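Protein chains: 2
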Amino acid sequence: MGKLDYQQAGVDYSKIDPLKILAQRAAAATAGNLARHGFRELAASRGESAYVIDCGDFHLASITECLGTKALVADATRSLTGRTYYDQIAQDTLAMAVNDLITVGATPISVHAYWAAGGSGWFHDQQRATDLVAGWQRACDACGVSWGGGETPALAGVVVDDRIDLAASCLGIVRPKSRLTLGEHLAGGDTIVLLASSGIHANGVSLARKLAERLPQGYGTKLPSGALFGEALLVPTMLYSPVTEALAAAGVVPHYCANITGHGWRKIMRHPAAFTYRIHTLPEVPEVLRFLVQQTGSDDREAYGNLNMGAGFALFVAAADAERTLAVAEAQGVRAWVAGRVEPGGKQVIIEPLGLTFGGDDLHVRA
Amino acid sequence: MGKLDYQQAGVDYSKIDPLKILAQRAAAATAGNLARHGFRELAASRGESAYVIDCGDFHLASITECLGTKALVADATRSLTGRTYYDQIAQDTLAMAVNDLITVGATPISVHAYWAAGGSGWFHDQQRATDLVAGWQRACDACGVSWGGGETPALAGVVVDDRIDLAASCLGIVRPKSRLTLGEHLAGGDTIVLLASSGIHANGVSLARKLAERLPQGYGTKLPSGALFGEALLVPTMLYSPVTEALAAAGVVPHYCANITGHGWRKIMRHPAAFTYRIHTLPEVPEVLRFLVQQTGSDDREAYGNLNMGAGFALFVAAADAERTLAVAEAQGVRAWVAGRVEPGGKQVIIEPLGLTFGGDDLHVRA
Numbered sequence: 001m002g003k004l005d006y007q008q009a010g011v012d013y014s015k016i017d018p019l020k021i022l023a024q025r026a027a028a029a030t031a032g033n034l035a036r037h038g039f040r041e042l043a044a045s046r047g048e049s050a051y052v053i054d055c056g057d058f059h060l061a062s063i064t065e066c067l068g069t070k071a072l073v074a075d076a077t078r079s080l081t082g083r084t085y086y087d088q089i090a091q092d093t094l095a096m097a098v099n100d101l102i103t104v105g106a107t108p109i110s111v112h113a114y115w116a117a118g119g120s121g122w123f124h125d126q127q128r129a130t131d132l133v134a135g136w137q138r139a140c141d142a143c144g145v146s147w148g149g150g151e152t153p154a155l156a157g158v159v160v161d162d163r164i165d166l167a168a169s170c171l172g173i174v175r176p177k178s179r180l181t182l183g184e185h186l187a188g189g190d191t192i193v194l195l196a197s198s199g200i201h202a203n204g205v206s207l208a209r210k211l212a213e214r215l216p217q218g219y220g221t222k223l224p225s226g227a228l229f230g231e232a233l234l235v236p237t238m239l240y241s242p243v244t245e246a247l248a249a250a251g252v253v254p255h256y257c258a259n260i261t262g263h264g265w266r267k268i269m270r271h272p273a274a275f276t277y278r279i280h281t282l283p284e285v286p287e288v289l290r291f292l293v294q295q296t297g298s299d300d301r302e303a304y305g306n307l308n309m310g311a312g313f314a315l316f317v318a319a320a321d322a323e324r325t326l327a328v329a330e331a332q333g334v335r336a337w338v339a340g341r342v343e344p345g346g347k348q349v350i351i352e353p354l355g356l357t358f359g360g361d362d363l364h365v366r367a
Numbered sequence: 001m002g003k004l005d006y007q008q009a010g011v012d013y014s015k016i017d018p019l020k021i022l023a024q025r026a027a028a029a030t031a032g033n034l035a036r037h038g039f040r041e042l043a044a045s046r047g048e049s050a051y052v053i054d055c056g057d058f059h060l061a062s063i064t065e066c067l068g069t070k071a072l073v074a075d076a077t078r079s080l081t082g083r084t085y086y087d088q089i090a091q092d093t094l095a096m097a098v099n100d101l102i103t104v105g106a107t108p109i110s111v112h113a114y115w116a117a118g119g120s121g122w123f124h125d126q127q128r129a130t131d132l133v134a135g136w137q138r139a140c141d142a143c144g145v146s147w148g149g150g151e152t153p154a155l156a157g158v159v160v161d162d163r164i165d166l167a168a169s170c171l172g173i174v175r176p177k178s179r180l181t182l183g184e185h186l187a188g189g190d191t192i193v194l195l196a197s198s199g200i201h202a203n204g205v206s207l208a209r210k211l212a213e214r215l216p217q218g219y220g221t222k223l224p225s226g227a228l229f230g231e232a233l234l235v236p237t238m239l240y241s242p243v244t245e246a247l248a249a250a251g252v253v254p255h256y257c258a259n260i261t262g263h264g265w266r267k268i269m270r271h272p273a274a275f276t277y278r279i280h281t282l283p284e285v286p287e288v289l290r291f292l293v294q295q296t297g298s299d300d301r302e303a304y305g306n307l308n309m310g311a312g313f314a315l316f317v318a319a320a321d322a323e324r325t326l327a328v329a330e331a332q333g334v335r336a337w338v339a340g341r342v343e344p345g346g347k348q349v350i351i352e353p354l355g356l357t358f359g360g361d362d363l364h365v366r367a
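Heads up: the protein sequence lines correspond to chains A and B, in order.
Start counting the first sequence at 1; every next residue gets the next number (this note's numbering).
Start counting the second sequence at 1; every next residue gets the next number (this note's numbering).
Be aware that a few hints might be false.
For chains that are exact copies, the list does not tell them apart, and a pair is met inside one copy or across any two.
Below, a list of computed lysine to any residue pairs in the SDA-like style, where the Cα atoms sit at most 20 Å apart [stated by the list, open to error]:
1) K222 <-> L80
2) K177 <-> V253
3) K210 <-> G157
4) K177 <-> A43
5) K347 <-> G144
6) K177 <-> G56
7) K347 <-> A142
Simulated from the structure, these hints should not be mistaken for lab results.
Bear in mind the structure is a predicted one, so any value in this text is a computation, not a measurement.
Construct all of the structure, not just a fragment, from the sequences and the given hints.
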């Protein structure tokens, strides 16, 4: 089978980025509007995964994030097994927002759901709708957030018929303010702790869909373990806020956090400063990602540069906090690895076990 | 030309509502999660247009809203005139969120943009992308909000090719808390002040699109004034937050507010209690709405029950504040009318000049 890459799979970051940069600059220019409300933004949060406003006694953090195309996998797999998987899809969507929000040190407090369907008929499928609602509620409870409301438009002509565009916006507080993790304390000698992913999460799904089209059995293809490819893809994204909340309760304040999503392990060097991130230990790669990498003929650079490869979230902590961080994560049922360390030096991620290096030029997330 | 109605135009509220009610109940069940953060929700805000959390010194309000299908009108009209109109579409999108947020008495402080395109190519059209960004920034400045960030996914297979799903989430504060307008002070004798709309806003657009399909000249049809139908539809939604902020500065706290969107003037009876809303004065109807009503053969019940018919926002104020409310609105460049009064009695909207009554059964916005 021929090689598949991201450009073929329909995600062309080079086309998105110019608008993104234009928008980032225009957005930054509006910051002064906060002054009339007696607030101010933390400018360092621009370009980070959540926006932070100083409200005096505490900071507010906010974010809007979208699921992407993972619901298409659920739709296709449902036709094989009869399950809707929208309970899991709901968790994925919430995780997109929550896992970004917590990177700045915020406790998520409330969310809004955005469910835009291709037509009113979407909401008429009772099993699917019930699963979506139940999964969303469960994920809110798991994260300790209040589900404040949402929007359920029917957008024929904008959203594809019988499809749904799912997104979530999340509000959080940073309190005490010392929990803020915008990265000013990141330093050489810090330890990189990686938290286990549960599978593909919601990143690399376009590639997986392209692969499913080419497999004779599609989503029904059996992985070595016997799991169906479609069902393995649909294992929901981990919710990491129980770990970050437990860390705060244990008195551990990370120096920085990165949610490993688009751009895969290149996100490890998300922090704006020039540091070298030297990885000595790799987490176990979930079977579905091993299968995806093997079947698409991806090399290590493509795999680790685009997929989570077993690490869904990176915590950068003082070396003295590393073991405690592991223990706190494991107590929350999340596997964790002391995977590497931060060093002074040029901006790069060096993955020693693979002899692989990503340079600073490989990641552009800021204007 | 035959009659066109909402069901034909693809918006079937009877199909959306059961899921909405299921979701509202599940969402309400998550409210207890706020306790662990030392916050509590204002339960009365559920079913209102924005969600409100008591944070001690002030309330926080939040909302996520979507534009709907109005961008399709921009796309079609662009092919006639060469303008993209996405600067105006940006204002429409922001207005959907801001005009809802302010109904609870909140000052909007920050927004996130959600722009989900049918593919990376959408962002490659430089004029359209530049207009979208510029219009968004301008609308943020007009409302005094900081544009905190956003999401610009490319969702081939979910969003229709070369289309875009636009939404906004908005965060606001209610401070002092006495600015809260969840409606506990609404009373018989209050005055209903209506604020002028600029045109169709973003409500009734499916019907307008259906009409355009049936007109021989489509969006190029000339209205009596000479304006093109498409361009008249694209006049952007009014941003009402300058009025509500100026009212607060003038010491006028409305007893309740309603954003007149879906369900048109039926939204005037949005408040949960049973009151009779007697309208004695009608605002001027924008030309594009007169044209739409006439061409679709809608009667007054359909027109006022679904469209804004010249009134984009309703303020319910103490009778003693009515004249001052008018003056404040007009000083912000927004026409306003003392249009009616609140009376004890059954839940209904009586539009006297039209001999038209909407009963409480005509509006279902709560579980």
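Against the structure, the hints:
In this assembly of identical chains, the alpha carbons of K222 and L80 lie at most 20 Å apart only when taken from the same copy (13 Å versus 52 Å across copies). In this assembly of identical chains, the alpha carbons of K177 and V253 lie at most 20 Å apart only when taken from the same copy (11 Å versus 33 Å across copies). In this assembly of identical chains, the alpha carbons of K210 and G157 lie at most 20 Å apart only when taken from different copies (12 Å versus 24 Å within one copy). In this assembly of identical chains, K177 and A43 lie within 20 Å of each other by CA distance solely inside one copy; the values are 15 Å within and 28 Å between copies.
For the identical chains of this complex, K347 and G144 are neighbours neither inside a copy (36 Å) nor across copies (37 Å), given an alpha-carbon limit of 20 Å. In this assembly of identical chains, the alpha carbons of K177 and G56 lie at most 20 Å apart whether taken from the same copy (9 Å) or from different copies (17 Å). Taking the shortest alpha-carbon separations for K347 and A142, neither the intra-copy value of 36 Å nor the inter-copy value of 40 Å comes in at or below 20 Å.
Of the hints listed earlier, those the structure fails to meet are numbers 5 and 7, in rising order.
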